Structures are given as C-alpha cells and as structure tokens.
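Chemist: Assemble the complex: chain A is given as a structure, and chains B, C, D, E and F must be docked to it using the hints.
The primary structure of each chain is shown beneath.
There are 6 protein chains.
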Amino acid sequence: MAFLHRKQLVFDAKPQSSDPLFAKKLQELIGGQYGEMTIFMQYLFQGWNTRGKHEKYKDLIMDTGTEEIGHVELLATMVARLLDGAPVEEQEKAAKDPVIEAVLGGMNPQHAIVAGMGAMPADSNGNRWTADYIIASGNLMADFRANLNAESQGRLQAARLYEMTDDPGVKEMLSYLIARDTMHQNQWIAALQELAEEEGGIIVPTTVKEDKEAEGFSHQLFNYSEGEESREGSWATGASPDGKQFEYVDHPKIVGGPLELKPAPAALHNTPPPKK
Amino acid sequence: MAFLHRKQLVFDAKPQSSDPLFAKKLQELIGGQYGEMTIFMQYLFQGWNTRGKHEKYKDLIMDTGTEEIGHVELLATMVARLLDGAPVEEQEKAAKDPVIEAVLGGMNPQHAIVAGMGAMPADSNGNRWTADYIIASGNLMADFRANLNAESQGRLQAARLYEMTDDPGVKEMLSYLIARDTMHQNQWIAALQELAEEEGGIIVPTTVKEDKEAEGFSHQLFNYSEGEESREGSWATGASPDGKQFEYVDHPKIVGGPLELKPAPAALHNTPPPKK
Amino acid sequence: MAFLHRKQLVFDAKPQSSDPLFAKKLQELIGGQYGEMTIFMQYLFQGWNTRGKHEKYKDLIMDTGTEEIGHVELLATMVARLLDGAPVEEQEKAAKDPVIEAVLGGMNPQHAIVAGMGAMPADSNGNRWTADYIIASGNLMADFRANLNAESQGRLQAARLYEMTDDPGVKEMLSYLIARDTMHQNQWIAALQELAEEEGGIIVPTTVKEDKEAEGFSHQLFNYSEGEESREGSWATGASPDGKQFEYVDHPKIVGGPLELKPAPAALHNTPPPKK
Amino acid sequence: MAFLHRKQLVFDAKPQSSDPLFAKKLQELIGGQYGEMTIFMQYLFQGWNTRGKHEKYKDLIMDTGTEEIGHVELLATMVARLLDGAPVEEQEKAAKDPVIEAVLGGMNPQHAIVAGMGAMPADSNGNRWTADYIIASGNLMADFRANLNAESQGRLQAARLYEMTDDPGVKEMLSYLIARDTMHQNQWIAALQELAEEEGGIIVPTTVKEDKEAEGFSHQLFNYSEGEESREGSWATGASPDGKQFEYVDHPKIVGGPLELKPAPAALHNTPPPKK
Amino acid sequence: MAFLHRKQLVFDAKPQSSDPLFAKKLQELIGGQYGEMTIFMQYLFQGWNTRGKHEKYKDLIMDTGTEEIGHVELLATMVARLLDGAPVEEQEKAAKDPVIEAVLGGMNPQHAIVAGMGAMPADSNGNRWTADYIIASGNLMADFRANLNAESQGRLQAARLYEMTDDPGVKEMLSYLIARDTMHQNQWIAALQELAEEEGGIIVPTTVKEDKEAEGFSHQLFNYSEGEESREGSWATGASPDGKQFEYVDHPKIVGGPLELKPAPAALHNTPPPKK
Amino acid sequence: MAFLHRKQLVFDAKPQSSDPLFAKKLQELIGGQYGEMTIFMQYLFQGWNTRGKHEKYKDLIMDTGTEEIGHVELLATMVARLLDGAPVEEQEKAAKDPVIEAVLGGMNPQHAIVAGMGAMPADSNGNRWTADYIIASGNLMADFRANLNAESQGRLQAARLYEMTDDPGVKEMLSYLIARDTMHQNQWIAALQELAEEEGGIIVPTTVKEDKEAEGFSHQLFNYSEGEESREGSWATGASPDGKQFEYVDHPKIVGGPLELKPAPAALHNTPPPKK
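Residue numbers (the numbering used here), protein chains in the order written: chain A, 3 to 278; chain B, 3 to 278; chain C, 3 to 278; chain D, 3 to 278; chain E, 3 to 278; chain F, 3 to 278.
Just chain A, with the same shape it has in the complex (with noise of 0.2 Å):
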C-alpha cells in the first residue's frame, strides 16, 4: 500500500448558492499553469526523483504533495456543487431572459456536455492540464524555487479569486487554500535557507567549477533597453548576493562574430546559391 484515501475533505466546500459563471473561474486553481494538478504532481515527481540521502527534504515534498491531493478533491467539490442548480435546458424562456442568457453565455459549456455537471483538469478558460507545467531536475535547491514560484503564484491566484466573489462559503474554502500557500511559501522558503547553508552557495548549482563559467560575465548588468531606470537598483552596484561585485554596462562591447552559416548540401533542397 502506497496511497490511502479517506472519504472526508480537508475543508468545507460548502457554497451557499449556485455560481457556474464561478464555477468556471475557480477552474483556474484546479488545472490551470498553477492550479492543484500542478503542485500535487509537481511535489510526487520530485519526490520520486530525489537520489541519494535528503531524507528530510524528500520527506517534507512526499508530505506536501499527498496534501495537495486533496486540495484537488476540495476544488473538484467546490465546483460541482456551484454548478448545482444551473441551467441547462431549453433556452427558450432564457433567451428572453437575458440574466439567464447571460449565465448560459458565461458557463463553462464542457461542465454540461463533457463533465455531466462534474469539475474538469482544466484551467479557466478550459485548456486541458498539461505536465508541461511541472518540473523535477532532481536539484533540490532548484526546484525549492520552483515549488516557492508555484505557491506564490497559486496564492495570489486564490486571493484573487477571493475578491471576486461574494460567497462565504467560497470564501472560507479560499481562505484555507491562501492559509495553506503560506505555510508553504514559508517552508520553501526556509527550506531554501538550509539547502543554502548545506551548499555553502545560493547560485544553482552550486557545484560548477569556476573555471566552467566565463566568470567575467557573472556580474555584469547589461543595459539593453535604453532608459537606465535599472541603474537604480541594488542589482546594478554594490555587494552581489553571492558575494561579488555588480557592474553596470551602459553599452554593451561586441564580443561575438557574425552570424553566417555555411550552405547546406544539396541533398536537402534549400534555397540554392544565386546562379551568377
């Protein structure tokens, strides 16, 4: 036995009336670039793929992404019971209703043809959930920043969502899901911290060889979108993150060559070199 589910929700999901035009929206926190999908997958992965011992690490991923399982199932709940109660018969009456209308025109139309009324892995406007949003490089300190980007996004995704209804049920659900992204912005956060002090480094990865990096291009700002607004940052002088110096270049010099490429054989039919 690897995975054990229990028949409860980790919260509410109790809306207190109908909303499919929410039910659409709240989609985005299921299967969207960071919905659910995104970060229970995303945790599973990476915690399959840690290699040697990073026990507490891969302890802590296993931990977070079998919750977000979950948060899944909460939202999956959430949106078939605001698609309770929605239209989805005969329009006759709705077309001279134009609330009705305006409904019907906003709903989400795979809720009713595809799903039966059912949530589906998609995100808002109904693009399928892809893995092309997850990662797992079996870097840990690299994907940390992952996960940190994923729930910072997905919060601000949540409170977004928050503002736009005024539900409490939805809203109680949605302050659960902004609580738990706090922890675990926090956690990746420290996490991060340690994985720092372990490595002794914070540029990922720390384990390339100064003389594998072209180290006089390490710190340099380039300016290449006129205006030196940039120059105000703690980015462009002054002690870098890792220890170094920032250096602002106004104007970039010219280090590499033209960008001429030799014919290609015959035998692939490109443009054929001028006859004269």
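Hints listed in this document are in silico derivations from the structure and should not be mistaken for laboratory results.
Please note that the accuracy of each hint is not assured.
Same chains, same names: a pair is fine if it fits in one copy or spans any two.
Unchecked claim - Distance condition first, Cα-Cα at most 30 Å in a straight line; then the derived DSSO-like pairs of lysine-lysine:
| no. | residue 1 | residue 2 |
| --- | --- | --- |
| 1 | Lys58 | Lys173 |
| 2 | Lys255 | Lys9 |
| 3 | Lys58 | Lys211 |
| 4 | Lys58 | Lys9 |
| 5 | Lys211 | Lys173 |
| 6 | Lys255 | Lys58 |
| 7 | Lys214 | Lys264 |
Since this is a predicted model, take the numbers as computed values, not measurements.
Modeler: Just chains B, C, D, E and F now, kept in the frame of chain A:
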C-alpha cells in the same frame, strides 16, 4: 522604432567540429521548458504588463528580456553549425557503418526534413515550444520568483550540457551562458530583497488582509507521508521566515465533510438513480 | 481512387433560426475529445493498421470510418448555418441591448475572426483537435473497446445537446446522430463478442501466457479508499468474468521495498550529498 | 486528511542492470496516452464527479484510482534505477565505441538534461502527459467503458514491453502490472454488467426517450467502403445486442440536401461575390 | 549586443474607453495562429536559419522580424489599456445588472486571475501560443509563401476586428497594422518574384531533377468530388503556371494495389490470426 | 452517402525491404506540420466553410481534399510495410550487435508499443498531429496562399526524404507524391491568379476600404536590422506588386508614445505602489 537588431552574436558560437547529436541536445536550451525562448518571452510579457510606477523594475526586466533574444540567436547559430556536415543522404554505406548509423538514429530527424539543417523552436525531444511555459502575473514578487526559478533550471541544464561535450567551442559558449545565468540569479535575488523591503513582507501577495486568511492553518506542517523525517527541518518548528512560529502536526485533524454530490439534472443523462 | 466525395449531406442540417451560442456548443461534436473528427480518424487509422487476415473486421472499420467523415461535414454545415445572421459589427447599439451583448459575449470569437462564420476543428471551448484523442493499437479487441467508449461518450454528448436546444431542425439532426451512435454501440458490442469467441478470452491481450503474469494479483480487489462500499459489488466476490474467483482484500499487504535511489553522477549537478 | 502516503512501493522495482534505452520505453507506462498517470487521474476525477447515491461504484473507483497513484510511483522508481550508470559525460571515448554511441543516441536526452536521471511525466517519445487523455463524464456506464478500454490498452502495452526486455527484475514488475490490469479489466466488465441490469439497457445513455432518436437509422450497417466483407459479421444481420434486428444496407440512400451556405456578412471580408 | 529596445511604441495604443470584451478578441492578433508572436518568431528563425550567401533576403527577414516584436508590444499595451476599469470585484451588484454580468461572462477570466489585467501569450479563446504555428525550412521560396500566407491571414483578421469595434483609438491602431500587413504582403510577393527569376522556376523546391518525379502525374486534376464544376477553372485545362499543360481527369484510374499488411510478430500481441 | 472508400491504394506502397528508421522519418509526411493529415483536413474544412456562390473553387478544394485522404492511406501503408521485420523482442543478442542496437535506438518506440507496427497520427519525432496546423478562414485568396505554402513545404520535405533512402519502392512512391505536389502548387497558383482578376486586387482582403488603412505606412520598408542589404531588393524601391511605390526608410521615425500603464485595481493584488 521599438526594437533594433545588430548582426553580431552576443558571444562566439564556433564549434570545433560537427556534432548533430549534440545539436539535438542543445535544442533544450532554445525551445525547452526553461530554454531561452521561455526566458525572453516571459520577461517581455512581464515588462509589458507592469502596471503603475515601477520603472526601475520594468527597465531591469526589459534589459534582460532584450538580452535573451540574443541568446536564442546565439544558440540557434550554434545548432546550425553543429549540424554542418551531418550525414543526410542515402544510407547504403551508412548501414554498414554502425557509427554513422548511430548518428543517423540519434539525430533529430526534423533538423534535416523540416528545418534544412537549421535550429527549431523545440526542445531536445522535438516538442515544440509553448507559451504554457511562461508567466507574467502583474505581481513582481511572484514573477521574480518565477524568474529566479527559470534562471536556476536554465543554468542547471547548461551545466549538464557542458559536461556532455568535449568540444572546446561549445564549452566556451556554454561557459558564457552559465555566467549570464549567474548574473541573472543574482539580480533576481537582489530585486526580490528590494521588493520585500518595499512591500514589508515576503508572502506573495503581501496585500492580503488578515481576515481573508484562515490563519490557524498558515504555519502548520501536516504529516501526510508516513515517517517523520520532515520534522528535522527548520520548517517544522521555530521561527518561520515571515516571523511567526512553525508547528508540526503529526496527525492532521479532519475538518471537512464528506464528498457527496446532489444528482445531476435529468437532462444531462448522467447515471440515473438506482431504480429500487 | 481511394476515396470519393458526393456533394450531399448524409442528413439534413437545416436549423430553424440562427443561434451562434449553440454553434459554439455544437463544436464539441466536431472537434471535441469524442467529436466526429476523433471518431473518423480513429477508425481510419485502425483500418489501415489492421495486419493479417481480418477482412470482415477491417471492412466494418472502414465502412464506419468513411461514414463518419460525412458526419463532420454534416455538423460543420450545421454550425455554419447556426452562425448565419450573428451580430458581428460595431457594438455601439449592442452595448445598450443586453441580449445582443450576451450573445456577443457568449459566442466563440474565432467563429468570426478566424473562420469567417465557418466551423472550426475545435471543441466547444475552442481547443483545437489533437491526435492525442485517438488510438489504433493493432489489437482489435482493445480498439473496439476504445470505439465502444467513443460511441458511448459521443451519444451521451449528443443527447445532452439535444436537451439544450429547442430548434426543431437541430433536434432532428441530433436525433439522427443519436441513432447512428446506437447502431455503432451495437456493432462494436457484437464485434467484441465475436472476437472473444474467436480468441477464446476477454482479457486483452488474450495471448499473454500464464507465466508472464503474477497471477496471485489478477483477481484481488484492493481496498485503498477507506470504507467498504465497494465490497457490495459483483466485482468483489464470486466468479469473475474471465472464469476465476474475485477476492476482496481489506488490508493489502506490503510487498515492495523502499523508494531509495542512488546518487546521480556528479556531472549532472543534482543536489550534492550533505557535506558532513 | 484526504490522502495518506506510505514510503513503500506496491511491488518491487529492482532491475538486474542499468538500461537507459528501456527506461525511455518504459516511460510509455507512466506518461503515455494509457500510462498510469492517465489511469489514476481519470479514476480520481470520475470518483469526485459521481453525483447521487452510487456509493459502491464510487468506492470502487476511488479504491482503484488510489492504487494507481502507487503504480506511477513504482514505475518512476524503476525508470530511475534503469538510468543508474548511464553514460552522461564527455563523449570522446564514446564516439569510438558504437555501442555506447548507440546508447547515447537512443536515450531520452531529457532524462539527463532536464530530470537529472529521474522519471518524467512523459511518454516514450518525450511527449508530456496531457489531460486530453482522460474522461469523467458523470455517466458511469460510459466511463466504465473508457476504463475498460484504458486497462486493455495498458495491459497490451505492458505485455509488449515485457517481450522487449530480458531483465528478470523488470519482467517481474511488469508481470505484476499485467496481473493488476487483468483484475481491473475483470472489475470493469463486472461493473458494466451490474449497471446494465440496474439501468435496464446497454446503449449509453440508457435514458434517451424513443422520440428523441431517429430510430429508422439505429440498426443499419451502411456499406461505405466498397466490398462486402463486413456483411459476414454478427453485426450485419440477426439480433442486435440491444434486442432489435440489424439490417445491412448495401447502397445507403441519400437523405440530406446540398452543402450550400449563404454569403458571410461583408464586415467579415470573406471572399466577395463574383463581380459579374 | 544583438537586440536593443527603445521604450516607445511603434504606434499609438490609446483606446477611447475600456472594453474588456474587445481585449479578449484582440488577443487573437497577439497569440493566435496568425498573431504577431507567430509572425516575429517565424521571421527570426527564418533569418537565423538562412544558409549561404543570401544577404539581401536575410536582412529583409530580420528587418521585418525585428519590427514585429514591436507589434506584440503595441498590442499588449492596447489589451492592457482596454482592460483598465473592467469590473473584477464581488458580483453582488453585477448579478442585478445584466450588462455588467454580460461583460463578466464574456471576459477572458485569465486576464484578471492569471495576468492581473495584462495581455497574455494566447489567442481570443485563451489557447496558449505554440511553435506549432511557425516554419523556417531553409528554403526561402517555401518560407516566403508561408510568410505571404501569414500576412494575408493576419490582415484579414485585423480587418475583421476593425469592423467589430467603434472605438476610434482602437480603429486607428488597427488601421496601422492593416497598412503594415499591406507592405508585408507586397514585399513577400516581390521577393517571391525575385527568387523565381533567380532560381528559374516556381515549383518548390526548384532543384528536384526530372527523374525524381513521376511526371505523368504532375499536371493532372483528379476529379474525386462528384460534379465537374472544377473543370471550369484555369487549373483544369490550358497552360499551367510552370509552363506545361493541365489535364482534367474525370475518372482517375487505379494504379495502386490493395491495402493488405502482413501479420505482426507474436511478441506484439496484436489480434491473433483466426484459429481455424 | 457523402464519402465512399475503395480498397485500393492511389499508388504503390511496396518497399524493397524493411527499414524501421525510415518509417520513423516518413511519419513527417503523415502527421507533421505539413503532412497529409494537415493537407486533407485543411482542404475539407475550407470546402465546408466556403460561403456564397463559388462552386468552381469549392469543387476544386473538395476534389483535392478527398484525394489527399488517400495519400494518408498510401503513406500509412508504406510505414507499416517498412516496419515489417523490425526487431522488437528481447535485446540480449542485440546488445552485442551495434547495428541492431542502433536500429532499436533509432526507431520510434511507439511504433511497437502503442501501434503494434502500424502508422501513427504523428510526425517524425512522435509529436501528435494537431489542428493548430490548419486554417479555413472563409477568404479563398488567403486560404489558397496557405495551400500553396503547404504544398511547397510538403514537396520540399518529400524531396528531402527521397534523398535519404535508396529503396527503389520508397523512392517511387515519393516521386508520385512529389508529382502530385507539383500539380497542387500549379493549381493553387492558377486559382490565385483567377481570384486576383475577379477581385481586382492581390492584397488580402481586397475589400478593405481606403479609409480603414493608414496608407502612409502601406509601402514603407523599415530598416530595423542594421545593415542595408535589404535595400538591394525589388521590395525597397520602385513599383510594388499592388501598383504603388515602395519606399525604403533607413531610420524609421518614432510615432507612438510610452508604454506606461495605470495601476491595477487593488482587488487584483498586483505589486502595490511604492510606499513612499
């Protein structure tokens, strides 16, 4: 005039010899999840979407985004040069020479068939680049975490590719990209610190009011994966990065209800209720 | 000559009146996961991939696959006719008329912008059709189960759409598609029975020898979701469809080992081992 | 607590030796169209979307869906172990050794570059998993047919992979998955029979009333592919599975009209009408 | 320095008033199949992949590709401004005002939830941009035809959108894009004529030798769709553009054999041969 | 009856010998961006979407679209035959024979695992076909340019593949496809000329009135990529194809304003304004 192009590479892209198998691998840095297409498109959209007075950040984003278009150019040129001299014609002799056959079998066939020995907007497995990879949320702290992640994964991949070749020209180009990724990790870390000071917080978004968050759950680590190795980390007890206290919860309590859903309307032809 | 086209629809596609919102929904039957593009492409590839002497099955597949191209034609014509008369010009007046505004808001904008009031190879949310939806495995019993599923989901969606309109012309066309899906479900069930008799088995593939299967696990229901409601079904005890005995396992025993993985080679720059 | 994880594999995943080429192939069972990601996500969404009182079915779905998460874990661990010891560094020597070169050419390059010798959420060609593969329609008879298909295709692929390796550890794991797929085919067949009895029909959805179906077309086999081999089957004449009579139609009659469409509004700039 | 950015739009992007529904539609020109992301990425890759001495063409491509990055910038800014003032908060009042409800229902929800009122790299249905849209083949005549097509579809869509708004600021910007597309159609037509003269032919690729083509089939129009309306065109009889003679073939003869395939190896577990 | 199938190939598909590596490459012509699936689906949708009285064009489109379904059939059969005899079983001996190993490493693994030695709806890298590749805009001049492009890219790829094999049977089939692509390029060129005469113009769409276009920008070549090689072409000076005069603009003037955007509403939790 918004953008301007100069016909010189940002760095050298001169391989010592042809290597179509490495050309295939190098595509990861062009059109992969964390390739330079991702980086520059993400930055440009972040810059264009920056609302309000945040000029120093916006300029930093546009500086870096514009630089990265040149990185795609650099890598595309390198891929094309690595493809020079690849065997593309009839295979009669090749079939007798396992090394040629292996090269042919290991090449990306689309480099010849589709692109005429040019680079493609695709990763090392030939998957086309997709905007699913990028984010521009309008919240800079969230997005700079995305950027820090992208530059971390990107440098990790460049470092791995560095080890997979012994062509000095390719290594030199990779050492340049590794260096630029060092800068970009440094700059996003610095910018994140600056934003944290300005916003007075590190939990994205920093603008969520307390009553919108179920704070009882904001600092608890839930032990959902059996074994307590995760209790060993700085994320389980003591001060959290946002200045509160972590709490380790060995047996998370059940707070939500059951998963039951009402029947669907008959018009949807879901499974009908049991007849008896 | 392999295929031939006749310029008449397989059935009528005459709506009583314009309905651009329903046109959007009807796209599900053209380019959705179980739309007619899926059906006909799946059948053609299955027919083309049938190896060996299975002429009666291959002909059945090609008969049906060829029929289904005409169903796309029928639906595309209906979508185009439902779009006749949709409001597409300047919205000044529309903004004052909520019904027109609702129509404009609920239309698929690409029907106007991209397709000039024609059907698209996309579903009801505008997701383009993809060959990810189809299967042609070379094993007819497997594939006929795929076909039975596709015709079941397809008829379910057609039945749902039937309830969502009161246009008699659209209803009539849908009643035709519902009828054809009845036939196709019937035919795949019949063909599956015929294959089962010929192959002497119903577990796909029927050709796996006994020593290639860990038979101790072939008829056990594992209770991984707490609660024992699943014990009530015919799948938990008694004879199994393949002639053995089902067994309900309340507490599945652990048979596998831990998840530990060896460290990665240093050249890959995964997280380095803890220094101490 | 909704889901719980235990840190032991559901079965052994110990290959006798490294085999990075087989690791690439085995990815089909993780992230392919019918890989275990498809299976578990499909089942979880079906369980969550089950409306009304169908507890025995819902529990069966959740039992199996939860089990299958563990199958991804099992396969991911196996892929990682098959990648142990793969050649990833500089290729100087490899170029002289065609066997190593062939291994390098045949590996999934992302196993090294992206995943640091871990499994990926992708198929054997490196295509990322997509939710386009799954269905949860709210109609259990439809969905159990989808499940029966998925378990059939899945077992077929596992059986093919079994023949493609001679590593006893890999074969043993595959024999376990083959066995579980036997159980799951059995269980969905049994559940389909139970549903058919309860609903009193086998044509999905069983709830379509007769007047909504153009019944004259519900049992006719249309001969659209020349040659009459399909007339030989049980689907052409005699009793149909739903208790009616099949009819073979050699020359299907034309019942629909022409394909003509009205001109588009001028505002859409379609091809203008001929000037004369 | 390869690319340089200046902080001014190529044209004005000042709408007279907010219009979030039109913002959704305008996304087609940014991230649609023929949006500006397609145009500029296609041109840049074509420029980078140009092999041999074709400087005047390569410079033309890079001139235009660089210009088009600025068009994305222009459109992204317009989308953001059209989103200013959109209703995004709690819907209590909205539910009573059908116009607001219609706006909310018709907006792209990701403009608020994901992008914080910024433009997205997506089309008017929210489908993310994909490199599936672009081509850079190494053959300039082929690619300039792709470009001519892209500028034609792009201008068509811009013209349609022009008719769908009455905001003078939006119309003005669209009239600029329409004009630039006029130029780009003109330039690719001119460049195609120049290439045709240089290569001495118009059938791509012009370098295929006669013995590699089954010339008996090179100028025949096959009548596969019943009815002979196509016989009326200049493509059916008389001189063909490449200087030969068209031939209309009313009843194409059969030249190929049957579709039979050998059985698959037993190891693949395809359908076994009939037992008797 | 709308479509009819005859069980004979449009041409021969008999390879002299097995070649699973070439089978993988040949997939490009089936399911690639410009494979025959693209061609036939594009043509069918264009035919179905043709509005108004354009019978000669519509019939031409349907003639060709129907022909191309048979090309997929031809290629699918060829792929299956090239796969005959490929090594698929246990690799013990193979591991000692680098040629077999190279074949195994270079094959598309899904040809065996997924398709049982049949063709797939995918390209030469295994990417599944997607309707993102096709267009049917309702404007025939735009679409015939898309068709001319598709037939150009398609013939280019067929010509490249011709050079990559020395199997006379495969070459013969490719010479047939090359010939048909010659015809189809010819026919679309002829049809484009006919449309241009009928519409009295060559800039798509020809129906945009002058006051809807900022004509000052309609014939200017902007020099955005440094260097003036593009000034040498016929597109920089002199008469333009639409009968006006080209103008070369060395230093394009700035006409647009800055990129500033208003702050987002607080409810969206974008980056808050600086506190000072």
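Chemist: A separate judgement is required for each hint: does it hold in the structure or not?
Modeler: Structure-based check of all given hints:
Taking the shortest Cα distances, Lys58 and Lys173 never come within 30 Å of each other, neither inside one copy (34 Å) nor across copies (33 Å). In this assembly of identical chains, Lys255 and Lys9 lie within 30 Å of each other by CA distance solely across copies; the values are 13 Å between and 63 Å within a copy. Proximity of Lys58 and Lys211 under a CA criterion of 30 Å is satisfied intra-copy only: 27 Å inside one chain copy versus 33 Å between copies. Taking the shortest Cα distances, Lys58 and Lys9 sit within 30 Å of each other both inside one copy (28 Å) and across copies (13 Å).
When the C-alpha separation of Lys211 and Lys173 is checked against a cutoff of 30 Å, the pair qualifies only between copies, where the shortest distance is 13 Å, while the shortest distance within a copy is 50 Å. When the C-alpha separation of Lys255 and Lys58 is checked against a cutoff of 30 Å, the pair qualifies only between copies, where the shortest distance is 23 Å, while the shortest distance within a copy is 47 Å. Within a single copy, Lys214 and Lys264 get their C-alpha atoms as close as 29 Å, and across copies as close as 26 Å, so both meet the 30 Å cut-off.
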